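**Q** What follows is the residue order along each chain.
2 protein chains.
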Amino acid sequence: MATISDVAARAGVSTATVSRALNGKSTVDRDLVARVRKAAVELGYQPNGPARNLRRQEAAVVALIISDVENPFFTAIARGVEDVAHEVGYSVVLCNSDESAEKENRYIDIAIQERVAGVILSPSGTTTSVAKLATRGTAYVAVDRPLPGHDSDVVLVDTRLAARQATAHLVAQGYDRIGCITGPSGVRTADDRLAGYRDALRSAKRRTPKLVRRTEYKAAGAHRAALDLLSQAEPPDALLIANSAMAVGVLQALQELEIRPGRDVGLVAFDDAPWAELVDPPLSVVAQPAYEIGAVAARLLLARIADSSRPPTTTTLGARLLERASSRGPEDRR
Amino acid sequence: MATISDVAARAGVSTATVSRALNGKSTVDRDLVARVRKAAVELGYQPNGPARNLRRQEAAVVALIISDVENPFFTAIARGVEDVAHEVGYSVVLCNSDESAEKENRYIDIAIQERVAGVILSPSGTTTSVAKLATRGTAYVAVDRPLPGHDSDVVLVDTRLAARQATAHLVAQGYDRIGCITGPSGVRTADDRLAGYRDALRSAKRRTPKLVRRTEYKAAGAHRAALDLLSQAEPPDALLIANSAMAVGVLQALQELEIRPGRDVGLVAFDDAPWAELVDPPLSVVAQPAYEIGAVAARLLLARIADSSRPPTTTTLGARLLERASSRGPEDRR
DNA sequence: AGCGACCGGGTAATGGATTACCCAACGATC
DNA sequence: GATCGTTGGGTAATCCATTACCCGGTCGCT
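Protein sequence lines, in the order shown, are assigned to chains A and B. Counting from 1246, one number per residue, gives the positions in the first sequence under the working numbering. Counting from 1246, one number per residue, gives the positions in the second sequence under the working numbering.
Calculated from the structure, these hints are not laboratory results. Remember, it's a predicted structure, so these values are computed and weren't measured experimentally. Not one of these hints is a red herring.
If several chains are the same, the list does not tell them apart, and a pair holds so long as it fits within one copy or across any two.
Pairs of lysine-lysine, BS3-like flavour, derived with a Cα cap of 27 Å:
| # | residue 1 | residue 2 |
| --- | --- | --- |
| 1 | K1463 | K1348 |
| 2 | K1348 | K1377 |
| 3 | K1270 | K1283 |
| 4 | K1283 | K1348 |
| 5 | K1270 | K1348 |
| 6 | K1377 | K1283 |
Work the whole structure out from these sequences, hints included.
**A** This is the structure in structure tokens:
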């Protein structure tokens, strides 16, 4: 594998000149630049990243640690981050923490060890492993969920409000016994969505009977929860579902029970999955601006990398309720 | 940021001993190991990755370059890779080439520069940038699509056969004018699926009129293609669709045209998306063993990292046709 | 003509972990 | 008791790109 000295020898210059010519940091004679370029191409020279990063004390890489690669919400965030980072020459590496504090911790360690320029993460639960980033002085931004006890840059969605609006919508459509299937306790978005749901019921003066279930943010858990809720003596006549993977589980359960969404039970789910309009009836959703979250987070991160002393900011983006037939309401049923 | 010398000083030993104690490569006195560990923890020591990788000439990282993060097929592959790699202490970084040869090329350069131990990629098109990996001696494995002109390890699905079977199934169900919407020319899976489709029509002695459309592997392209096909004078009465993102586009088009899938037009799509059973009627799919592809690829890669001289292998996995109501057939319609 | 400013480019220090090589100490063997 | 082997641990070389520092040459100004 060719090194910078090989290139220097072939071009008949010093290694310093090769470095300067290839990085364009300092002015180098035209002819020399050309000679160096030529030599580099001929040798197929690729700079040694570790050596460069060792010397520079930082890699032009940002790590993006997301809690579920299979969740379209997070992959959309990833695209937002990528597009912005690439524009300014940073690479993005994606790490999948799988909602596990341990994996998240592991990836944070790796990010620190590899001296990445910054980290964007969707914190799983109440982890304190981000503290390491703070003490190391590595720039980081939290997305989707805040970091309790750290005032870092955060990009959030006003998910409590969105849940409240979605629930109020169900109330307005005439549903009476509205249930909620949300994520695990301690996961901030799950808690917030539940809180928004309760806000709406409270201000509509509904009592909130036992119509809440919490499970992991996956189809399987939501499937069980839905079966459980709907086989009760007094089942809900509408459901607020906290993400699109869960919506899949709920819709499966409804199929099995032969309960028709939008007819027998009203539904609103978080996240506008590409298939939401294709199911029958089309699923009402709370569309979160995922790409935007990623793009904003990336810009904040870059700003922080450039100036670590800037005051931390919290950006809260809004979500949009897309009313479709699955929440049409009892009135319209006939 | 604490360095190995800081730890050595605090533990009262040499840097060599610290390295040996922490890596367990050589036998070190129990007490010293304890002292070193203690000092490392107290200082919050995290080894400097670039320094380590520079010295070792390789990072315990494998790069996974996939052509679309938003495609569940590829994210499932990612999980397979991750699970296997993590077992043996490798980290996985995910790179999204977005079906762009340029981005793929860029990520390959980065992988080489960072001296990753190996690369798994789903090659976009006829790129030759993988040649660099070969000349550099970096281990790599291709998934989903072979690399023309390189005999590397490859993990494939027998997608031509699967397409043939799916098409034969449509024939058997009594469909007459079967169309196909597949990916861009030059993308191997797209070509293979088309070839399998033609195989089936040929052996069923159907002429293949102008019922094939090729677009990018996305919903938007497939949407246009479906509108185009179905508004022809003699539209198809069934469609083979080459992936799940395209299936979304096609289903949208059918909704707009008020053509009922499984009733007016038979459908089979590649990839078993979580929502396939939820649409009305449930979508027949060709389920590819994506997780398995990733797991096998990772094992092959690890084997090649360990022994670069082993002969390249091609693993072909089978796909399963899941017959659901969207391909019920004209006979059953009434 | 002489002096300083400026510029291009070379020499060598630097970053931090790993490891080849070497040495000391201790136990075992004859 | 002397010698050899073994083992644990220290010293210093090594990986390679970047960059501080320095030097020689050119140009401009007086």
